Structure formats: C-alpha cells, structure tokens
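Novice: Spelled out from the first residue to the last, the chains are:
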Amino acid sequence: MALNILVVDDSSVMRAIIIKTLHLSQLPLGEVHQASNGQEALTVLDGKWIDLALVDINMPVMDGEEMITRLRQSPATADLPIIIVSTEGSETRKEVLMQKGAGFVHKPFTPETLRDAILRTLGGLDEQKAGDGTL
Amino acid sequence: MIHTVGVADMKVSAETGDLIITHALGSCLGIAVHDPVACVGGLLHVMLPLSTIDPVKAERNPSMFVDTGFPELLNECSNAGALKRRLEIRVAGGANSWNREEDDLFQIGKRNLIVLRKLLWKNGLLLKSHDVGGSNSRTMTLAIGTGIVTIKSGGQVKHL
Chain A
0 MALNILVVDD SSVMRAIIIK TLHLSQLPLG EVHQASNGQE ALTVLDGKWI
50 DLALVDINMP VMDGEEMITR LRQSPATADL PIIIVSTEGS ETRKEVLMQK
100 GAGFVHKPFT PETLRDAILR TLGGLDEQKA GDGTL
Chain B
0 MIHTVGVADM KVSAETGDLI ITHALGSCLG IAVHDPVACV GGLLHVMLPL
50 STIDPVKAER NPSMFVDTGF PELLNECSNA GALKRRLEIR VAGGANSWNR
100 EEDDLFQIGK RNLIVLRKLL WKNGLLLKSH DVGGSNSRTM TLAIGTGIVT
150 IKSGGQVKHL
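Line by line, the protein sequences are chains A and B.
End of the first sequence sits at 134 in numbering that gives the first Met the number 0; the numbers just go up one at a time, nothing left out.
End of the second sequence sits at 159 in numbering that gives the first Met the number 0; the numbers just go up one at a time, nothing left out.
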C-alpha cells in the first residue's frame, strides 16, 4: 500500500531534507504533501487522505503542539500516526506530546534515525533493531 | 574461501562461499556493501578521510581514503554485477584513538565518519546499520552468500 505523507515544517530546507530521506528510505511512497505551519497542515488534512504526518513544533501561525491537539480532537484524525521532528529539548513538553501518541525525532537527525522512527511508527521495525542515531 | 582485507585495502567477491574479513579497525572504517539479489559484496578498510592531503597516494591506492575508497568500492561492486539501489551498506570502526574523545587530538575516526556520511547523502544511500565510535578495536566479517556482517570486539561477537 502506498503511503501518503504530510511534512509540516516552516523551513523549506528542512522539508526538502525530510522528503529526500523519505525517498531514500525505500518506503512505498504515494503522495508527499507539504505545509509550512499547523494551520496549513490542517487544511491539507481536510482535503487529502494522509497516512503519516511528520511535524515540527516551533512554527509561526499555528505550532505543532496545537495542531496535534486539534487532530486528536477530530474523530477522522484521532488515530493518525504522527512523528514530531523538532529541536525541542524540554522533556516535559516532549512527554506531553508523546502522550498524545506522537513519536519523536530530535533535530539534527541522521537520515537513518528518521527512517527507523517511521518504520517503528508504521510497525515495520522493532525497537531493538532501530539504530541509535549516533553516526 | 576467506579473503583478508589489510589496512587501506579492499576486496570484492561474487562467490557465495566467500568470507571477507578485516582486522584491527580502530579509527579506520570498515565499510561492507552487499547486494542480496546479485550476491555480490565487498569490504573496504579505509584509514583517512580526505585524499586532498596526498593525491598521489590516493591515485596509487584509492582504498587509503574515504572519499576515494568508497566510490571505488561501489564501482567494483557494480562491475561485479551489483545494483546501487539494492546495496545494503554497513559501517564499523571510527573509534577514538584515546579512551576519551576530548583527548583524541586529530579525531580521525569522527572525521572518517563525517566524510562517509556526506558521500552517502550525495549518492542517495542510507546505512543499513552501524557500529561506530568508542575506543575498542573491531574485526569485521562479510559473508557473501548471506550478506551477514559480523563484528568482533572486546571478546564479544554480534551481527551488524
């Protein structure tokens, strides 16, 4: 099954890096959509079928945290797999977001770390086989 | 048949019974690539990050430097029938020359890894797995028939 993925980040360079990593990961990719903040992402999600969202936290207009809260309140997107890709260092804030069912990849990341996080989230890789991302 | 790869050396094989082994990976990198469909694989033991410090030596022996050795490994595997998009790439080594990273003045291991990381990104390749850093010496083995890479370090053996 082809995966439709939404990449939400206010940096176009970071979106390009994430999208290149998606293509290198040999995932069965369908459509890859982009949004530069939470509000734009909600609009995309309103009109498209998305299987996985990769979301930054600190963005203008609407940040990732609010976006995820809204997604979880809507029955259509309550179970959408989400991976946060952020520089966020606060363990408390990360804990709150992970309780909302989101995975976490810390920036800067290696492409393998992101690939492994996606495979784990989608159930294709068990925890022990995932790289530690130290390279 | 067992092929031993020396320091600044490379071996490529398409014989399913072959094992390729390299010893004493410290700050050097052991880079193993394997195409599971064509059953072609190679192992490279590189010493230093960039060939710009001695282009003459690099010309004579590309396996000495990461930036010349890794492309050469990909070429040799391709010549033996491997496809780039199918390659499974594993890396080991890149250790510190001292017990503490801050005591390692030249950081050769770390710089080797950085150059490899750049080459992988430029060539659109991802690592399958890695075992790098620390301060232990490693022995790396690639079985051509299965693609299994084994790391022996500090008395322990594990699959990479």
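Note that these hints are calculated values from the structure, not bench results.
Computed from a prediction, not measured in an experiment: that's the story for all the values here.
Be careful, since some hints might not be right.
[What the hints assert, rightly or not] Straight-line alpha carbon distances no greater than 27 Å define the calculated BS3-like cross-link-like pairs of lysine-lysine that follow:
| id | chain 1 | residue 1 | chain 2 | residue 2 |
| --- | --- | --- | --- | --- |
| 1 | B | 56 | A | 19 |
| 2 | B | 56 | B | 121 |
| 3 | B | 56 | A | 99 |
| 4 | A | 93 | B | 121 |
| 5 | B | 109 | B | 83 |
| 6 | A | 106 | B | 56 |
| 7 | A | 19 | B | 109 |
| 8 | B | 56 | A | 93 |
| 9 | A | 106 | B | 117 |
| 10 | A | 19 | B | 121 |
Novice: Could you run down the list of hints and mark each one as holding or not?
Specialist: Each hint tested on the structure:
Proposed proximity of residue 56 of chain B and residue 19 of chain A is contradicted: the alpha carbons are some 35 Å apart, above 27 Å. Under the criterion of a C-alpha separation no larger than 27 Å, the hint pairing residue 56 of chain B with residue 121 of chain B is consistent with the structure, at around 24 Å. Distance restraint check for residue 56 of chain B and residue 99 of chain A: the Cα-Cα separation of roughly 56 Å exceeds the 27 Å cut-off, and the hinted pair is therefore not satisfied. Pair hint residue 93 of chain A plus residue 121 of chain B does not hold up; C-alpha atoms about 32 Å apart against a cutoff of 27 Å.
Taking the CA atoms of residue 109 of chain B and residue 83 of chain B, the gap is near 25 Å; set against the 27 Å cutoff, the hint holds. This hinted pair does not check out: residue 106 of chain A and residue 56 of chain B have alpha carbons roughly 38 Å apart, beyond 27 Å. A C-alpha spacing of about 24 Å is found between residue 19 of chain A and residue 109 of chain B, which places the hinted pair at or below 27 Å, so the restraint holds. Of the pairs offered as hints, the one joining residue 56 of chain B and residue 93 of chain A is violated, with about 50 Å between alpha carbons and a cut-off of 27 Å exceeded.
In summary, the hint linking residue 106 of chain A to residue 117 of chain B is supported, as the alpha carbons are separated by about 17 Å, within the 27 Å threshold. With a C-alpha separation of about 11 Å, the suggested pairing of residue 19 of chain A with residue 121 of chain B holds against the 27 Å cut-off.
When the structure is compared with the earlier hints, violations turn up for hints 1, 3, 4, 6, 8 and for no others.
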